[in-house]
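Please construct the entire structure, taking both the sequences and the accompanying hints into account.
Given next are the chains, with one letter for each unit.
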Amino acid sequence: METLSPWVIFFAAIFTGNILLVYFLGMCSFLSVSSQVKTSLGLGLAVTFVLTITSALNYIVFYYILEPLGIEYLRYIAFIIVIASAVQLLEMIIERFSEVLYLNLGIFLPLITVNCAILGVSLFMVIRKYTFIQSVLFGAGSGLGWMLAILAMAGIRQRINEERIPPALRGPGIALIISGIMAMAFIGFSGMVQIQ
Amino acid sequence: MTNSKAIELIKDDLWKNNPVTVQILGICSTLAVTNIFLNTLMLGLGLTFVTAFSSLTISLLRNVIPTRVRMMVQTLVIASFVVIVDIVLKAYVPNISKALGPYVGLIITNCIIMGRLEAFASSNKPSMAFLDGIMSGIGYSYVILVIAFFRELLGFGTILGIQVMDPLMKGLGYSDGWIQWAFMIMAPGGFFMLAIFIWIANNIIMVKKS
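Keeping their order, the protein sequence lines are chains V and E. Going by this note's numbering, the first sequence runs without a break in its numbering and finishes at 196. Going by this note's numbering, the second sequence runs without a break in its numbering and finishes at 210.
Everything labelled a hint here was simulated from the structure, so no lab data went into it. Hints are not guaranteed to be accurate.
In silico DSBU-like pairs for lysine-lysine, Cα to Cα no more than 35 Å straight-line [what the hints assert, rightly or not]:
(1) E:Lys170 with E:Lys98
(2) E:Lys90 with V:Lys129
(3) E:Lys5 with E:Lys208
(4) E:Lys5 with E:Lys125
(5) V:Lys129 with E:Lys98
(6) E:Lys16 with E:Lys209
(7) V:Lys38 with E:Lys16
(8) E:Lys90 with E:Lys125
Structural data, given as structure tokens:
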């Protein structure tokens with residue numbers, strides 16, 4: 001993986017390897033929060049922020065603590081602790097320094113700890129053997145990709161609420177079908193860059 | 001533990017309050033592996049194991065854990081069981097473990113487990129909590145197995161890796177045999193299959209109600 005330019009990974013994470021539409025990560029909050037554009041934007045920003053920071057932190061934890069000690073199998077526990085504490089810390093910092101930001105982002109932070117996308121990105125980073133810079137840009141790109149998907153979804157859902165949908169499909173059902181169509185559209189990007 | 005209460009619980013977990021179709025929980029980590037039945041089965045088993053034993057553990061510790069740190073304790077308990085599942089899968093079915101990749105680790109953030117711990121195990125007896133864990137796991141597994149079955153059948157034309165659609169199509173007189181429906185293997189197929197499953201399940205519930 002070392003040969004790949006970090007920027008290629010960045011753009012691939014947004015489009016061709018969209019964390020949500022291709023790897024299905026972060027679906028829970030995606031389906032429950034995506035009913036309004038404004039809240040989606042807030043959550044999207046929070047996720048991008050946390051992803052960038054945790055992928056850097058987890059990289060350091062994995063390669064400088066777990067690997068030298070030969071306890072890589074404890075990475076799940078280590079990663080989840082890092083993520084939980086990073087989120088907690090961020091919440092405190094934001095609360096302290098910016099009330100506006102806290103009101104807009106802060107309420108989403110506790111939700112993020114259990115967002116699968118955060119842990120998923122850290123695990124992908126280890127499996128694909130990214131370097132430090134690649135990991136950070138992969139985290140940022142994944143966050144932006146997730147934000148893009150949830151924003152598009154929120155926009156569509158706001159419109160579709162007024163349409164006549166079969167009653168059994170209302171809510172999550174139609175949301176999944178929309179995600180399916182969006183995923184098809186994103187497959188169209190796969191000709192540009194391909195990372196595995 | 002009374003029997004009727006246990007039966008009610010089983011019904012609830014398997015159908016009335018099914019984690020996937022009704023509560024829409026835990027689909028994050030799973031749609032990705034449902035294009036091959038066997039992988040899905042392994043993930044389902046792993047998840048059931050983790051849910052059952054973390055429910056049991058949390059229920060046993062429910063009077064000891066301080067409320068303020070309970071989320072952290074729950075996450076750590078789940079993570080420890082996931083480590084066990086990961087090591088076992090790596091040792092006995094290395095191929096499947098490799099195919100599942102990060103999705104084994106992602107059992108930790110599967111909202112079903114946390115949800116059950118929070119909603120049930122932390123306020124019920126260990127025996128009931130254990131049963132609830134197993135049943136939620138099964139309720140989740142059978143849904144993803146149904147989805148995996150159809151995705152594998154339509155995508156690869158196979159059932160459990162055995163080619164069935166190819167001979168069938170040839171038998172019907174199509175000389176090309178079964179042409180793989182690649183769409184089903186890719187991400188959109190997963191979204192559509194789950195949507196259809198939820199659609200059908202909701203329809204059945206609605207018909208019953210009226």
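Hints, verified against the model:
| no. | hint | result |
| --- | --- | --- |
| 1 | E:Lys170 with E:Lys98 | holds (34 Å) |
| 2 | E:Lys90 with V:Lys129 | holds (19 Å) |
| 3 | E:Lys5 with E:Lys208 | holds (23 Å) |
| 4 | E:Lys5 with E:Lys125 | holds (12 Å) |
| 5 | V:Lys129 with E:Lys98 | holds (15 Å) |
| 6 | E:Lys16 with E:Lys209 | holds (12 Å) |
| 7 | V:Lys38 with E:Lys16 | holds (33 Å) |
| 8 | E:Lys90 with E:Lys125 | holds (33 Å) |
Violated hints for the displayed structure: none, as all numbered hints are satisfied.
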